[in-house]
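Note that the protein sequences, when read in sequence, are chains E and Y. For the first sequence, full-length UniProt numbering gives the first residue as 1, with consecutive numbering after it. For the second sequence, full-length UniProt numbering gives the first residue as 1, with consecutive numbering after it.
These are calculated hints, taken from the structure and not from any lab test. Glycine residues also receive a C-beta, built at the ideal position from the N, C-alpha and C atoms. One should not assume that every hint holds.
Stated by the list, open to error - A few chain E residues facing chain Y, derived, Cβ under 10 Å:
#1 G29
#2 T34
#3 V42
#4 G51
#5 M186
#6 V231
#7 I234
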Amino acid sequence: MPVALAPYGRLFAAGIRQQTTYRLAMLGGLVANTTFGLLKSVILLAAVRAGGGNLHGYAVGTMATYVWLSQGLLGSLNLTGRTDLADRIKSGAVVTDFLRPISLQWGTVATDVGKAVCALLPRGVPSMLIGYLFVGMTIPHRPLPWVLGAVSLLLGITVSWASVYLVASAAYWLVEIRGLQVFYMMVSGFFAGLLVPISLFPHWLLVLASSTPFPSMLQYPIDVFTGRGGVGLIAAQVGWLALVGTVGHVLTNAGRRRLEVQGG
Amino acid sequence: MADTVTARTAPYRAVLASRIRAQRSYRLSFGVDLAASFLVSFIELAEVWVLFHAVQSLGGFDFRQILLVFGIADFCFSMADMVVGHCDDLDRYVRDGTLDVFYLRPQPLLLQLITSNIELRRLARAAVGLASIVIALSINDIRWSPAHVGLLAMTLIAGIAIFSAMFAWAAGIQFFVISGGELTNSFVYGGRYAATQVASVWTRPVKAAFGFFFPMAFTAFLPALLLLGKPGPSLLPAWLGWCTPLAAIWAWAGGLWLWRIGVRHYQGAGG
């Protein structure tokens, strides 16, 4: 690994270590995840059956995949808008982060993505197993969807944390961003396709959702994995990541000049 | 008699009044909270609408009819959340050791915890629930009788009691499982989600869990069957809609029992 990138790799690993420390909380998370998954699958599978076995292109098997993959991803995405960084900007502690010889933006995102990838093991894998063993979700039998799915998944996680970084950056100007975070939480979950796949949306709402980065976080990785979409969706994810990353870069530079730390 | 009641409740009223004053004094922040709270409920309704827009009818319910179930469940949950929702913070009190402060006061612990706060911003959520109920009652064909009016009133009260009891279950469990917030979310918030669904599509295990053990079908679905004059699915006949008070008693008996063993288990944080 080139020397300039080494710190980000180490932060990624530190994120993984931090996350494996809280095992009981992970178990609790898994129970909650499974409960919501069961409730989600009874209603959505009933909806597919009510539609005569095909609802906007979803069969029973692919709908089950949607449910359990989305539940599994939930622990790795940030759909709440809340991050430590927002508190550090509010308290002024972020000045120490600025003193480090690495980019605040990509350092933060790398740590978060490290934690998120780690959360796939205790949350994503059991959730997928439950769906596969008990609910009969379909999985692809060729290697290509798995490879593309993995790439799309990693991109989705990165878009999620890079977007939340933007929310936190608003604290340079607003200081208290709780209202913004709640707003983000509601809109991101809805448009990411958390409770209902966005392909079930009426056309105008689907267009609205597609013009935000949120489907890139959850819906697109699932669509790529189940073969509903392919390289086109991955390209869209890359585009959103570039856009969100650029805005984050601009906000960081502007916010750094704006930052005012009170007290000595 | 009246004097002793006034004297007994004075400390609780003093705390609650101070909490209400505190929330109202930061007007902008309170306004943002109200708006956010409204949005939460509105998006939840939008999710139900999207699903019923895609399939038209699910488990014998169309959107107009599910709106009644959603409205009753969401209104009752929001009211319970406003009054006792902050009991979810118990795990933080236990970890920080601040729970010990409650032990110093000569009042029942659970009552103190319940009256330690009241989240007025949840009123915005309750408003969405209430509006859904009113709209659903006016667009559905309901043959009103005095019994139906009584049923609706009884359901709203029992529903609030059932959801409040779920917070008490969660609080009791949090004495045993530190940082168990997510574990208890599965029946507190998972329960809210279940309560807004058409229970006719549930599988048998889900009916057992969220129909009876956590009596979520009693909060809105079963009474809605009676109001709309629909037969119930297997295991959940419509006449059970009259039994919501029994479900509330069951929920609170469980809640008080869990709270009791939780308090006995607690050993304090020292210091």
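Open item on the list: Using the nearest Cβ pair, does I234 of chain E come within less than 10 Å of chain Y?
Closed with: violated (26 Å)
TODO: For the hint on G51 of chain E, just tell me whether its beta-carbon gets within less than 10 Å of chain Y.
DONE: holds (6 Å)
TODO: Could you check if G29 of chain E really has its C-beta closer than 10 Å to a C-beta on chain Y?
DONE: holds (5 Å)
Open item on the list: V42 of chain E was flagged as interface toward chain Y. Is the shortest Cβ-Cβ separation under 10 Å?
Closed with: At 5 Å from the nearest chain Y Cβ, V42 of chain E passes the 10 Å test, so the hint holds.
- [ ] Under 10 Å, Cβ to Cβ, is where M186 of chain E needs to be relative to chain Y, so tell me if that hint holds or is violated.
- [x] holds (5 Å)
Open item on the list: Can you verify the interface hint for V231 of chain E: is its Cβ closer than 10 Å to any Cβ in chain Y?
Closed with: Since chain Y brings no Cβ nearer than about 27 Å to V231 of chain E, farther than 10 Å, the hint is violated.
Open item on the list: Would the hint on T34 of chain E be counted as holding, given a Cβ-Cβ threshold of 10 Å to chain Y?
Closed with: holds (8 Å)
In summary, the structure is inconsistent with hints 6, 7 from the numbered list given earlier, while agreeing with the others.
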